[in-house]
Amino acid sequence: MIFDLGLVRELGYYTGAVFEVYDPAVGFALGGGGRYDQLIGRFGRDLPACGLAMDVQRVHLAQAAEGALL
Amino acid sequence: MIALPRGTLFEETLELLDRLGIDTDEVRSNERKLLFSDAGLVTVRPSDVPTYVEHGSADIGITGKDVLLEQSERKVYELLDLGYGQCEMVVAAPDHGDPIGDALRRLGRVRIATKYPRVAAEHFAASGRQAEIVEVKGSVELAPLTGLVDGIVDLTASGKTLEENNLKVVERIAISTARLIANPVAHKLKAEQIDAITERLRG
Numbered sequence: 608m609i610f611d612l613g614l615v616r617e618l619g620y621y622t623g624a625v626f627e628v629y630d631p632a633v634g635f636a637l638g639g640g641g642r643y644d645q646l647i648g649r650f651g652r653d654l655p656a657c658g659l660a661m662d663v664q665r666v667h668l669a670q671a672a673e674g675a676l677l
Numbered sequence: 003m004i005a006l007p008r009g010t011l012f013e014e015t016l017e018l019l020d021r022l023g024i025d026t027d028e029v030r031s032n033e034r035k036l037l038f039s040d041a042g043l044v045t046v047r048p049s050d051v052p053t054y055v056e057h058g059s060a061d062i063g064i065t066g067k068d069v070l071l072e073q074s075e076r077k078v079y080e081l082l083d084l085g086y087g088q089c090e091m092v093v094a095a096p097d098h099g100d101p102i103g104d105a106l107r108r109l110g111r112v113r114i115a116t117k118y119p120r121v122a123a124e125h126f127a128a129s130g131r132q133a134e135i136v137e138v139k140g141s142v143e144l145a146p147l148t149g150l151v152d153g154i155v156d157l158t159a160s161g162k163t164l165e166e167n168n169l170k171v172v173e174r175i176a177i178s179t180a181r182l183i184a185n186p187v188a189h190k191l192k193a194e195q196i197d198a199i200t201e202r203l204r205g
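One line per chain: the protein sequences are A and B, in this order. Counting from 608, one number per residue, gives the positions in the first sequence under the working numbering. Counting from 3, one number per residue, gives the positions in the second sequence under the working numbering.
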């Protein structure tokens, strides 16, 4: 776990903490997400939320590098 | 792993690594070998350094600002201006009259040869002039002499090659020097090591 005040995510709807997932074997973030407390409210129901998305192909590459797929 | 530019920046880059205490003897003694696993070094074309670093094959790399300007879509962090290898990105044209101005007045557009199509296109677009960019891979100075284009956008250190070919600098676009770049993931996961290298190079 790395605490980094410099992390920026490209999507504009985040309202709090954001995070990314890394693996030493892959040069790109495996995924990322964050807190978005106002997003669902735009569609009619106030609901604080937190979520993330993972790039399945990059996760696969990371697993392969760790030998987890053998 | 560090990606090194095998080009005009190579010698000074090796001297920089010597000062960091990295063993460059094998790199110096072997011009054909490309990967030096023990020393953690890989030598590539300067314009390929951002590619290796972006994909994480190298954690950090050294290349010219000219390369980074041309490949501005690369997702790499530029950590430090290393200062050496200074040269200038310029617009140059034949040294008689005003070929670029003439072309714009007569035809409404100017033809420009360059190895840096993006830098050239952006420079002319930013100054509101229509430019037709002709991409060449080498000997850019030749293009205006044969009538292929009205002017060129190229990198010049001393201006000698331009002078030899009867070209003169008409506009200055940017100063380029060697830069230290890092892969964004390595920059987080190996922050301590990369910060240490950056600090030592800064001093």
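Calculated directly from the structure, the hints in this document are not laboratory data. Quick reminder that beta carbons are idealized off the backbone N, C-alpha and C, glycines included. Some hints here could point you the wrong way.
What the hints assert, rightly or not - SDA-like mimics (lysine to any residue), calculated; alpha carbons at most 25 angstroms apart, straight line:
{"id": "1", "chain 1": "B", "residue 1": "Lys192", "chain 2": "A", "residue 2": "Pro631"}
{"id": "2", "chain 1": "B", "residue 1": "Lys190", "chain 2": "B", "residue 2": "Gly23"}
{"id": "3", "chain 1": "B", "residue 1": "Lys77", "chain 2": "A", "residue 2": "Gly613"}
As the list claims (entries may be wrong) - A few chain B residues that don't get close to chain A, going by computed Cβ distances all over 10 angstroms:
{"id": "4", "residue": "Phe12"}
{"id": "5", "residue": "Leu37"}
{"id": "6", "residue": "Arg131"}
{"id": "7", "residue": "Val136"}
Claimed, not checked - Covered stretches of chain B (in silico footprint by chain A; criterion: 3 or more residues with CB under 8 angstroms from a CB of chain A, positions within the stretch not fixed):
{"id": "8", "segment": "57–68"}
{"id": "9", "segment": "184–191"}
ask   = Which of the numbered hints are not met once you compare them with the structure shown?
value = Per hint list: zero violations.
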